[in-house]
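Note that the protein sequences, when read in sequence, are chains A and B. The first sequence runs 0 to 298 under numbering that gives the first Met the number 0. The second sequence runs 0 to 476 under numbering that gives the first Met the number 0.
Just so you know, the hints here were simulated from the structure itself, not pulled from any lab data. Heads up, some of the hints might be wrong.
What the hints assert, rightly or not - Listed below are the simulated DSS-like cross-link pairs for lysine-lysine, each with C-alpha atoms no more than 30 angstroms apart in a straight line:
(1) B:228 - B:81
(2) A:35 - B:162
(3) B:318 - A:65
(4) A:254 - B:58
(5) A:249 - A:266
(6) A:249 - B:397
(7) A:254 - B:382
All figures in this text were calculated on a predicted structure; none of them were measured in a lab.
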Amino acid sequence: MTFRISSTQIVDGSLIGISAAYSRFTDAQEKINSGKQLNKPSDNPSGLAQSLDFTEQLSELGQFGKTLDQARGFIATSESSLDSVNSLLRQARTFAVQGASTSTNDTARQAIAGQIQDIINQLGSLGNASYGSRYVFGGQRTTTPPLVANGTGFNYTGGTTATGDADLNLDIGRGETLTTNVTGDRVFTPAIAALAKLRDDVANGQDLTVSQQDITAVDDQLNTVVGIRADLGSKINRIDSTKQRNELIKVNFTKLVSDIQDTDIPKAVIELQTSQTAYQAALQSTVRAFQTSLLDFLK
Amino acid sequence: MSSTFFGLEIGRRALAANQVALDVIGQNTSNVGTAGYSRQVANFEESDPYGYPGADTGKPAQLGTGVSIASIDRVRDDYLDKRIYAANADQGALNSLNTILSRAETAYGEPSDTAIGGQLSGLFNSFSDLSASPESDAVRSTVLNKAQGLVDAFHEVTDALAKIAPDIQANIVSKVGTANNLAQQIAALNKQIALSVDNADRPNDLLDRRTALIGQLSGLVDLQVIDSKNPQTNLPTGEVQIDVGGFTLVRGDAASSLPSQFTSVNGKLGLVTSNGLPIPLKSGEIAGLIQANSQLNGYRADLDTLALNTINAVNAQHKAGVGLDGATGRSFFTGTGAEDIQISPDVANDPDAIAAAAAPLPPATVALGNGDNARSLAALSSKPVIGGFSLDQFYNAKVAGVGADSQRAQGQSDNQTKVVSQLQSQQASISGVNLDEELTKMLQYQRSYQAAARIVNVQDGVLNTIINGLGATAATA
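Isolated chain A, as found in the complex (with noise of 0.2 angstroms):
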């Protein structure tokens, strides 16, 4: 069966066929051009979902990974001075050992006493640590200076878990809370004391009272404060792992997103020209359908 053809269909078949050819080939030069195939939400509306999901995931993942940056800092601050306070109590505990001894004379035990008083008063200074500008012993109370001196020793004015207002916790997850920081009153208070206890035996000559008592005291703090840092320690590692956790679903995740909204530059080249062939045939399609009338052959 024929179909009769009016000049006007010829004319219309035309037009839609060269404006649907151009429009697909600006459509993938807008592609490359722009880089994205996600322009606007119409586009791909699953795939916008998808992407903001996961941009909003790798926002979220971003911001634990400066959270935990934060925690590391922290932690690490704590531990380097934890660090210093267990090298100052070895010292101490050497100290003591020479301070028990029976052929030391009183002038050297006066020389010992006042050393380990130097170590109260470093520890007391290793206790004000800070990381920026928050003081890392002091609990919450972190914009004021935990040890305060006081005569030869020091007092402890930060927050403490009898107060409420000891632990600083910082999400580095969701759900995933982590208390970064260890209360000077388990750390330095103790150890001032005995260390204080210490230097006033060795001073008095109570050389039984050192070897017997102090001498398992400062063991005692030491051991304390080995203890925190193998927690501090954990801590690190966990806050690592986590990261390293994290970077590994920030690659996949922001690839999953250029995925859906970078354009695949070698599939829409090839798309550029398949629609560029088609546009150049649409409009020598059309020029052919104009060439041939009835009156080129009327005289």
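Take the given structure of chain A and dock chain B to it, following the hints.
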């Protein structure tokens, strides 16, 4: 016995008929590019025969008297026209919906970091920063900046959506005006057509013009055309009646006016007369605009829901916390929706009032380094606070929904454009002018005309024999 000049008369009739046919060809070729033109055909007819009883045989016979033009017909498929009207109406609705929705989706500015989604993340991230440095003035100011960013994003998107509504309303008024104007022109044509039909004319070109006008009107509203061929209508021959959703817009030479008041209550789209009479519309540009308006209202309501839930969730958590000054129970945001959301003046003017700290247990007082409430505020980002969805999940689903609506309107509008052009192509196949065809017919009529002239010439020769070649005159010649 026929008259002496009978042969000349046959020739004359053929000349006249072919002349008319050539004129019709001229009309067709002239209007090859005229929109809405239907090609015309000159119908030849043998003229009434002449009773010619055979002198020799005595048997009755008839002698042909030549040719005449019986009619000049307009070639068009009326049924196809009705399908085109319906398709036009669907296309009109989808086109105007598509135009509005693609404008609406750009209001959200997604995908981007600075749109509402990114700003929500920004605010919650700043709460997380605050939990790590609650005593820092700089971080507190950043929280306020981020909150202002979110507030601005809500305002911008809802304003951009709100600005579309007056345009839609103005457009509806203008389209209704166009429809009423078309209705009046159709009514006027009805009158002219009926008059010429009464005079036994075939008003082909008037019919074309009326069809074109109805075609334009059909893009605006879904109409029903009832023509005089339907005996139940009692319409004068040649006139059409046009109904829109049960409302008679044109009857005979009288046109009514569509109202520009519209409604979309309970999904029933349509216009409402001043008497409150509803005129339901299923398709057409006006229906598309009304539907777009109602969808836009839905989008704005969703934004309001998101804003209200953000306000409520953040405020509830914020009120539980304590500022640096030890005071508690303060709001972070004020407002009830996307349009009026603002940072509460309590905190806007005083960053220290941001309740980063959890309320301390008595007798403890607030510690500056306590960021526990800021942690809880940051954690809201993933909490299901709107019907089982978190704020960003709700937002993502709604934006994707707007995108899907727009995508569907685009696709359907493209498809419908194809349907309309297909139908128009079918109609063009029937009623469009083909130049080759016209030229071929032209040759035919040209040759017929030449042949008729030859007949006249021959008859003239024959008569010459009788008139000049016989009798006295001939002798003197």
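Okay, the hints, checked on the actual structure:
1. B:228 - B:81: holds (14 angstroms)
2. A:35 - B:162: Distance of about 28 angstroms is within 30 angstroms: holds.
3. B:318 - A:65: holds (26 angstroms)
4. A:254 - B:58: Answer violated: residue 254 of chain A to residue 58 of chain B is near 101 angstroms, above 30 angstroms.
5. A:249 - A:266: holds (26 angstroms)
6. A:249 - B:397: holds (25 angstroms)
7. A:254 - B:382: holds (26 angstroms)
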